[in-house]
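Protein chains in written order, with this note's numbering: chain B, 1 to 122; chain U, 1 to 195.
Hints should not be assumed to be uniformly reliable.
[To be verified] Chain B is faced by these chain U residues, among others (derived, beta-carbon under 8 Å): (1) G24; (2) A29; (3) R51; (4) A58; (5) L63; (6) A126; (7) L129; (8) R131; (9) L149; (10) L183.
Worth flagging that the hints you see were computed from the coordinates, not collected in a lab. Heads up, the beta-carbon is just placed ideally off N, CA and C, and yes, glycines get one too.
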Amino acid sequence: MAMAERDQQDRRLEDFFAAARDRAPDPSEALMARILADAEAARRLAAVARPSEGLWARLGAMLGGWQGIGGLATATAAGLWIGYAGLADPAELSGGLVGAAGETVELMPEVEVFVLAAGTEG
Amino acid sequence: MAAMAFDAEDDRSDEALLALYGRGDATAARELTRRLAPMAFRVAARLLGDRAEAEDLAQEAMLRLWRMAPDWQAGTAKVSTWLYRVVANLATDRLRRRRGLPLDAVPEPADERPGALGAMIAADRAAALDRALLGLPERQRQAVVLRHLEGLGNPEIAEIMGVGVEAVESLIARGKRGLTEALAGRREELGYGDG
Chain B
1 MAMAERDQQD RRLEDFFAAA RDRAPDPSEA LMARILADAE AARRLAAVAR PSEGLWARLG
61 AMLGGWQGIG GLATATAAGL WIGYAGLADP AELSGGLVGA AGETVELMPE VEVFVLAAGT
121 EG
Chain U
1 MAAMAFDAED DRSDEALLAL YGRGDATAAR ELTRRLAPMA FRVAARLLGD RAEAEDLAQE
61 AMLRLWRMAP DWQAGTAKVS TWLYRVVANL ATDRLRRRRG LPLDAVPEPA DERPGALGAM
121 IAADRAAALD RALLGLPERQ RQAVVLRHLE GLGNPEIAEI MGVGVEAVES LIARGKRGLT
181 EALAGRREEL GYGDG
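I would like the entire structure built from these sequences, with the hints used as guidance.
Next up, the structure:
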């Protein structure tokens, strides 16, 4: 295409381009609101996963916040204590936990009587 | 537009705002949305020729921006260049999926029925151009939209489209020839003489 012809083509097209630039389609308010809501959701998600917040923050997020960590700490302390108590005397463990001593539950009442009876009959 | 909510001016660059948002600053998102969402929607609308689909695409492109923010490397590229590229790629994907649809499922651009001769207004010219753009091959349309409607330079368009500057120049030249031919029959209707 000759240069003069191309220039003429460009001038003609520029009228159309200018008209289109002036009448650019605008996004709706609803779209802008959806985009902002996405931004906020993504920001919250990133805050949970952000490594710079340190080990405890990430652990807290993983375990369901400080309530989760509190539960975990209690369970850990109890386990530790049970371990020590068990080594000393398992009988004291249940007594110490329920705060009552000397209670005995008979799961098979009088079983020794049956054993005795069987021994005398045989 | 939500003028009340989005009209605040801010001197900070897109890149600075994105870094702030990536570090958890909630207010930076508002300014980035004000600056970038209209661009994403506008380009999507011109590449797809369908407003509803363009809204979906713009939202998806902006979502990718939000998710990418914590990993944004300062100095690598302009945020707007990155977003143009995402919009262009998403549009290409959608247009490819469209090709598998029956013709009547493809949205038609609004019919810009011409008015009386000599009484055309800018709206008719804009609509005629939009329609002619949709008739161009997809890559030519992208290049022409980015160059002549978005006002970008050829090197930035090359970066967005992942081709060399010479390829961009060629796409634009062919695109403009296509537009000239498509609009030739409309020039008389649109209030232009031969000159």
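>> For the restraint on R51 (chain U), tell me whether the closest CB of chain B is nearer than 8 Å.
In response: Holds. Min distance 7 Å.
> Minimum Cβ distance from L63 (chain U) to chain B below 8 Å?
Replying inline: 5 Å, holds
> Taking 8 Å as the limit, does the beta-carbon of A126 (chain U) come near enough to a beta-carbon in chain B?
Replying inline: 4 Å, holds
>> Interface hint check: R131 (chain U), Cβ to nearest Cβ on chain B, cutoff 8 Å. Holds or violated?
In response: Hint violated; R131 (chain U) Cβ to chain B Cβ min 11 Å, cut 8 Å.
>> Given G24 (chain U) as an interface hint, is its Cβ closer than 8 Å to any Cβ of chain B?
In response: 5 Å, holds
> Do the numbers back the hint for L129 (chain U), that is, is its least Cβ distance to chain B under 8 Å?
Replying inline: 4 Å, holds
>> Under 8 Å is the threshold here; is the Cβ of A58 (chain U) close enough to any Cβ of chain B for the hint to stand?
In response: OK, holds: A58 (chain U) within 8 Å of chain B, min 7 Å.
> Holds or violated: A29 (chain U) as interface residue toward chain B, Cβ cutoff 8 Å?
Replying inline: Status holds, d = 4 Å.
> Are L149 (chain U) and chain B close enough, Cβ to Cβ, to be under 8 Å, as the hint says?
Replying inline: 6 Å, holds
> Holds or violated: is the Cβ of L183 (chain U) closer than 8 Å to a Cβ in chain B?
Replying inline: Holds, because the Cβ-Cβ distance from L183 (chain U) to chain B comes to roughly 6 Å (cut-off 8 Å).
The earlier numbered hint that this structure contradicts is number 8, and it is the only one.
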